[in-house]
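**Student:** Go ahead and model the full structure; you've got the sequences and the hints to work with.
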Amino acid sequence: MDLSAPLLTALVWLVPAVSPQEEDSLGPKRVNVQNASYNKVPNTTRGYIADAKIGDEVTVLAYEGSFAKVKRADGTEAYIAKSALIPSEQYVKGPSNEKEMGELKGQGYEAGRFDPETEASYKKEKGPEMEKAFQNVDLWEARQAWISQRGTLSRKMDEFRKVGKLAEYSNVK
Amino acid sequence: MMNRLLVPVLAGALAAVVGCSHPKLTESQEYYVGRGVAANAMFDAEGRYVGLYDKDQNLEEYVALVGLSVALESDRPETFKGYHFGVVNSTDINAFAAPGGFIFVTTGALKLMENEDELAGVLSHEIGHVNLRHPEDHANRAADQAGVMGILDTGGHLASTALSILGRKSTADNLATLTKGFGSVLDGFTKELIVNGYGRESELAADALGVKVLCRPGVRYNPGALKEFIARLPKKERGAWSTHPELDGRMQAIDDEIKKQGPVAETDPARTARFKAATAGLRGS
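Residue numbers (the working numbering), protein chains in the order written: chain F, 1 to 173; chain W, 174 to 458.
Misleading hints may appear alongside valid ones.
[Unchecked claim] Pair by pair, the computed Cβ-Cβ distance ranges are: (1) W:G281 / F:L26: 43 to 49 Å; (2) F:L61 / W:D227: 39 to 45 Å; (3) W:A450 / F:L26: 44 to 50 Å; (4) W:S375 / F:G55: 29 to 35 Å; (5) F:K132 / W:L377: 33 to 39 Å; (6) W:L455 / F:A120: 31 to 37 Å.
Rather than coming from a laboratory, the hints here were simulated on the basis of the structure. Model, not experiment: these values are computed from the prediction. Idealized CB from N, CA, C, for every residue including glycine.
**Tutor:** Right, dumping it as structure tokens:
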């Protein structure tokens with residue numbers, strides 16, 4: 001069996017340390033975070049259109065500060081945070097939960113990352129007190145699940161700014 | 174014969190490429206490191222479990238709203254699973270950021286604060302660290318030093334493909350090494366960074382970025398409140414800024430940054446009132 005071709009392919013794929021130029025390049029990108037939104041304006045809590053899903057394919061048309069103006073798969077245009085995107089060729093489907101990890105393993109994926117399996121192994125090694133601490137982290141994340149509901153978050157943040165005279169409600173213009 | 178020669182040659186090349194390209198943790202991996210730091214932050218210096226201050230969920234939500242008012246207007250508004258803000262049940266006066274946007278402030282620090290703008294200033298400093306990727310850079314260096322980068326799946330399926338081709342596919346061994354590496358990364362955070370911070374240069378950079386974000390049109394907190402809080406810190410809580418000349422230098426740098434921002438907001442009584450209401454339980458009133 002000739003191993004040279006797959007090895008060379010792997011070498012080519014392992015080269016990519018992302019340069020700033022690549023990060024700011026236009027063209028095809030994918031959403032690389034679990035919580036993000038498409039907005040009418042370059043802002044995460046104003047002009048909410050829809051939630052962005054990890055793996056979404058978009059085309060970057062331009063950049064405005066920390067935001068990218070993108071064309072979505074349905075042809076509509078929207079803004080999304082630059083930090084939510086990664087060049088398409090570097091996108092990796094990652095296990096974000098036990099179910100996804102199981103699916104990936106079913107496809108021949110090898111445990112080889114800091115992931116739920118590593119976390120579970122670490123907890124086991126550290127004992128019940130650490131197990132309790134991670135349970136507390138789970139509960140905390142669950143309590144703050146409202147942060148990922150971007151439509152609700154947008155309204156909540158607007159009310160918070162209004163009462164606190166922040167941003168557009170500030171007397172400093 | 175060809176393959177017997179080619180495999181070691183390419184294995185060496187592969188190692189060189191991995192070494193040269195500085196593989197980095199993915200956003201997902203940073204998130205799991207962040208969770209680990211969060212779990213470790215629930216133990217005090219003596220290793221006793223203290224946990225999060227979760228008996229007042231209104232306070233936790235209030236801290237999150239203040240933090241999000243800043244974080245979502247920062248240069249890095251999105252992380253893998255979004256920012257999370259926690260209140261650690263500790264009399265220590267501290268705040269810190271973990272990879273992936275996990276940000277903590279202690280009950281001790283909240284008790285010392287006088288208003289929402291001071292809280293926003295402290296959180297903005299921590300968000301500055303996240304924007305500048307200080308926690309992530311530290312995690313990457315620690316993972317590198319722990320010797321796990323070679324088996325971390327930085328290229329998705331590809332690293333594991335390469336490893337299996339090279340005949341090193343041993344999941345149990347990898348998991349044991351990764352677990353050890355994971356522990357080393359977390360130890361670095363909990364024993365060093367949470368107490369001492371990221372070093373003076375990084376702390377000053379986080380101050381400067383924090384001030385800029387506080388002054389943005391989408392935020393408008395009083396940036397001077399950060400300085401007011403720092404000035405109130407007891408000497409033993411000042412970390413790298415324990416002497417007066419050092420502290421004066423930090424204050425001056427914050428002032429210089431504020432002057433660059435043009436007109437800035439004052440501390441607003443409406444915000445101070447809601448801060449007092451939200452933290453009343455901590456103060457026993």
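**Student:** Now look at each hint and say whether the structure bears it out.
**Tutor:** Results of checking the hints against the structure:
1. W:G281 / F:L26: 43 to 49 Å: Between G281 of chain W and L26 of chain F, where Cβ atoms are some 48 Å apart, the hint holds.
2. F:L61 / W:D227: 39 to 45 Å: holds, 44 Å
3. W:A450 / F:L26: 44 to 50 Å: 48 Å Cβ-Cβ, so the 44 to 50 Å window holds.
4. W:S375 / F:G55: 29 to 35 Å: Cβ of S375 of chain W to Cβ of G55 of chain F: about 33 Å, so the range 29 to 35 Å holds.
5. F:K132 / W:L377: 33 to 39 Å: The hint (33 to 39 Å, Cβ to Cβ) holds, given that K132 of chain F and L377 of chain W are roughly 37 Å apart.
6. W:L455 / F:A120: 31 to 37 Å: The hinted range 31 to 37 Å holds for L455 of chain W and A120 of chain F, with Cβ atoms some 35 Å apart.
The structure fails none of the hints (numbered hints given earlier).
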